[in-house]
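Student: Mind assembling these two chains? They're in different frames, but the hints should get you there.
As given, the protein sequences belong to chains A and B, one line each in that order.
Heads up: the first sequence runs through residues 5 to 270, numbered per the numbering used here.
Heads up: the second sequence runs through residues 2 to 261, numbered per the numbering used here.
Do not rely on the hints blindly, as some may be mistaken.
Derived CB-CB ranges, DEER-like [unchecked claim]:
1. A:Leu30 to B:Ala70: 52 to 60 Å
2. A:Ile266 to B:Gly214: 41 to 49 Å
3. B:Pro128 to A:Pro108: 23 to 31 Å
4. B:Ala154 to A:Val259: 36 to 44 Å
5. B:Pro30 to A:Ile252: 49 to 57 Å
6. B:Pro30 to A:Val29: 38 to 46 Å
Here are a few chain A residues that sit away from chain B, every Cβ distance over 12 Å (derived from the structure) [unchecked claim]:
7. Arg45
8. Pro141
9. Gly170
10. Cys188
11. Arg263
If you're looking for bench data, these hints aren't it; they were derived computationally from the structure.
Backbone N, C-alpha and C define an ideal beta-carbon position, used for all residues, glycine too.
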Amino acid sequence: MTDRTIPARFERPSALAFLGYGAAVLLILWSFQGAGWSADRLMRSPPALADFMSRSWPPSTHNLGRLSLKMVETLQIALAGAVLGVLLSVPVAMLAARGLIAGPVVNSVVRIVLGFFRAVPDIAWALVFVVAVGLGPFAGMLAIVVDTLGFCGRFFADDMEGVDKGPAEALTATGARRIDIAACAVIPAAMPAFISTSLYALEKAVRSSTILGLVGAGGIGIELKVGFDLFDYPTALTVILMIAVVVIGVEQLGVLARRKIIGVER
Amino acid sequence: MPLDRKIGVSAPVLSHDLAVAGLTKAYGPAAPVFTDVSFSVARGEAVALVGANGTGKSTLLRCALGLIAPTRGTVDILGTRIGPGATAQMRGLRAQTGLVAQKHNLVPRLSVLSNVIHGLLGQGAGPRYWTHMLAPAEARDAAMAALEKVSMADFAHRRADRLSGGQSQRVAIARALVGRPRLLIADEPTASLDPAAGEEVMALFFSLVRREGVTVIFISHNMSHALSYGDRVLGLARGQLRLNAPARDLKIADLRGLYD
Ligand SMILES: Nc1ncnc2c1ncn2[C@@H]1O[C@H](COP(=O)(O)OP(=O)(O)O)[C@@H](O)[C@H]1O
Ligand SMILES: [Mg+2]
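Pulled out of the complex, with its shape left as it was, chain B reads as follows (with noise of 0.2 Å):
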């Protein structure tokens, strides 16, 4: 069955936390990263974006965090129009929003509990949450907790830059949940990770997920991740989201046709 013709299977859900619809993307003067992009996700639902290196997928998901500003369409985050000039209610959506990228992106030379109590900065502001030393106590309670889900608690006064590759990322995904967000965005989080790494970090970022409720979009280029994860899984080839089908539906070999 050609790829094109499972677009639009998607049952129907009254409550998305994401919506994005007529989305195209240009850098500048160069010709579009992609067209016409629609899709939403339900609350709850773990979706996959799969497809070639350079199709998008990156900047596609930033759009619909509104770090980046799309060319064209809307993003609803949360049931709300996102859109230029609008900070401080977009400050609001996003203190229930999170990244987590191919990089860990911590702050080096700062310590790991300095780093997880940085989560926080949507709820909470200013000096007091810069360095664990200055932190409310809450904020430290939490950032341990954060820690203790990941089994890093141990490290929580180790500087961030002394970490391997595996433990950042568990750092990092601690920083994205403590601030318990409802939408989580997954940029390749295993990428840089061995293989052996990369099954862990997986599983215990969607242990983790799953159990606290948490929306997630997530990049991969393991198949065999975005189908087992995913509850549904969108491709993008060429410019155009060419798939998005329940992943119970689709097998390794129906994905393959996104990277010819």
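Just chain A, with the same shape it has in the complex (with noise of 0.2 Å):
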């Protein structure tokens, strides 16, 4: 015999999943707490927008030329911080990659390493570079490379243990080395992985280099901080925009070129 009872439309929850709920309730109103809700401030900010938006409508246009210039200086950054990032990545990636080149030990290590680049964010390792190489766009592309490096070379790793092992296999009985194993059968089998990874890092790069001048390290983010340094509200807001068109354009573009290159790859 079947049960055949329709299930009740709401379950009782058990008493511990009702405390792990109100638990949970509590820590999103600490939160909020915490991020100093003000429902008074809140309520005024609209005025002080509009206000904002007032004063910095229409956006300046005669600062476009310097402001171009730096954005083509943003870019710099961004691809060449992401180009040796990536290239770094490959190396890097393959001592990370379970079973490929390197042992347990290695793995762990260098994805340890690898997970501190990442969870440091961007602003912070620009900062650190400032400090090194000093002021300047060469700190931002370096802040750039350690966080692509930290993107790809975790994400590298990933794909290259996600490959069919069955080539690998057949290289190893013939007596291969493990290094030519992974030049030969794993890098080629997670090239389309690779190229889809790291024009995701592009976009990303593009996206930080933005704002790394606000610490110093070049690029466009120096005029933002500038405009709203001396209220020059109008430059700051073509900066403001320059920036979103140009990200969004970055990643329409990146959407296009993995179309074109996986695509046609399969």
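Tutor: See the structure below:
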């Protein structure tokens, strides 16, 4: 005999689940409190925002030449940093991928270091490199390199662990060395995934590079800071709009490139 | 005659290309896949390994090539005892072995020629063997000659993932043979092909290995293939080696018992 009663619309939660839900709600309320939730200030902000808009509108156009040059520098930082980061990621990911060329101890150590690279925010890396190599775009580029390495190193490794093991086994059986197997069987198979991940890394780098200037690490971010510091809101608005346009444009290019490269390669 | 009585009838041979003794393999804490398997394969012999799905045929042959470690027992390849740790020596031995699997296992996106050149990675090593563009002239010539033998030379520039199943398997055979191995393992090499292509690949494979005197162990679910291409038949059932007899003494009905 089968049980054919219709399930109740609402299951009564167990006592433990009930406590869990209660704790989660408290945690969220406590977080709002910590974030300085203020209904009063929220109510006052629309007028203030309208005031900002009225003072920044229309966006300024008389600095467009200088801002465009800064935007070019921003993209240069992003591209150079992302490319270097991606290139460095390949050997590092080979060390991080389990069962590829290195033993489990090396795998874990490399993965922990990559996790640390990801955990520290890009703007913090930029501050570190400003101290290390001085103000300017070079510090920003290095920050992008580390950020990209943390991202691509991890995902390239996962991609390589995920490829079909058959070709690698066939080459092992003929006496190929691990490094040759990685180069011949694993990396070619993981290449579409590498390309897709790299394009994301580039989009991420462009987004990061637009704000590195806030801490003096080059790019258009400095113009945003100066605009606000000098109450030159029209210029600040121009910068915000330029950043939005460029970031959206790069994202769209990424979608296109991904379709073109990976679509063709199946 | 019960199958069990046929064990141990192989004639004494002086040089064994492969000898396994007392081999037991368990994956983790699970019950062993097979227990106490012993057999040897003479130089130039072709041995069929038969048995129902999941009886451990692939596992047994992977142990025999040192691709996975047995739980107990010993393996001697070309007269050398293999074991954990001896990586450099293992590589030298493996340069004389090869594996053709059920799936062709070619590397997609690379050319057919590059895939065959990879079969030489046991002899040569390093970036010059990664792609046909960098490969030494001898390697390219050897690979073309191997492709010639499997009638795939016209496809040398084709991407490996743009071939039919039968063509792919022929390229995989070329890759396995290009390094002139002494011992080849074929794990259901035609299982992924339609019957006609399967017959063709099987006939090609054995004409090549016989001509070159390669020692072969092959797994097949096709009983007539086991009897016609094998000099000897090994049968695995219920975790034990239950058959080890010359093919000429066997009839298809003798093999059925393994599948009960
Ligand atoms: N890597 C593995 N890990 C755990 N169990 C495995 C693994 N490979 C095979 N097995 C198990 O070992 C048994 C034998 O598998 P296999 O050697 O592939 O048999 P056959 O080739 O005869 O079909 C099966 O029960 C299978 O599930
Ligand atoms: Mg199998």
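Student: So, for every hint listed, does it hold in this structure?
Tutor: For each hint, the structure was consulted:
For Leu30 (chain A) and Ala70 (chain B), the hinted distance range of 52 to 60 Å is satisfied, since their beta carbons lie about 53 Å from each other. A hinted range of 41 to 49 Å for the beta carbons of Ile266 (chain A) and Gly214 (chain B) is consistent with their spacing of about 45 Å. A C-beta distance of roughly 27 Å is found between Pro128 (chain B) and Pro108 (chain A), which places it inside the suggested range of 23 to 31 Å. Judged by the Cβ atoms, the range 36 to 44 Å given for Ala154 (chain B) and Val259 (chain A) holds: they are separated by roughly 41 Å.
At roughly 54 Å, the beta carbons of Pro30 (chain B) and Ile252 (chain A) sit within the given window of 49 to 57 Å. Distance hint check: the CB atoms of Pro30 (chain B) and Val29 (chain A) are about 44 Å apart, consistent with the given range 38 to 46 Å. Interface exclusion of Arg45 (chain A) from chain B stands, the closest Cβ pair being 57 Å apart, more than 12 Å. Residue placement check: Pro141 (chain A) keeps its beta carbon more than 12 Å from all beta carbons of chain B (closest about 34 Å).
Against the 12 Å criterion, Gly170 (chain A) falls within the reach of chain B, whose nearest CB is about 4 Å from its own CB. At the 12 Å boundary, the C-beta of Cys188 (chain A) falls inside the reach of chain B, the nearest C-beta of that chain being 5 Å off. Non-interface call for Arg263 (chain A) relative to chain B: holds, since the shortest CB-CB distance, roughly 18 Å, exceeds 12 Å.
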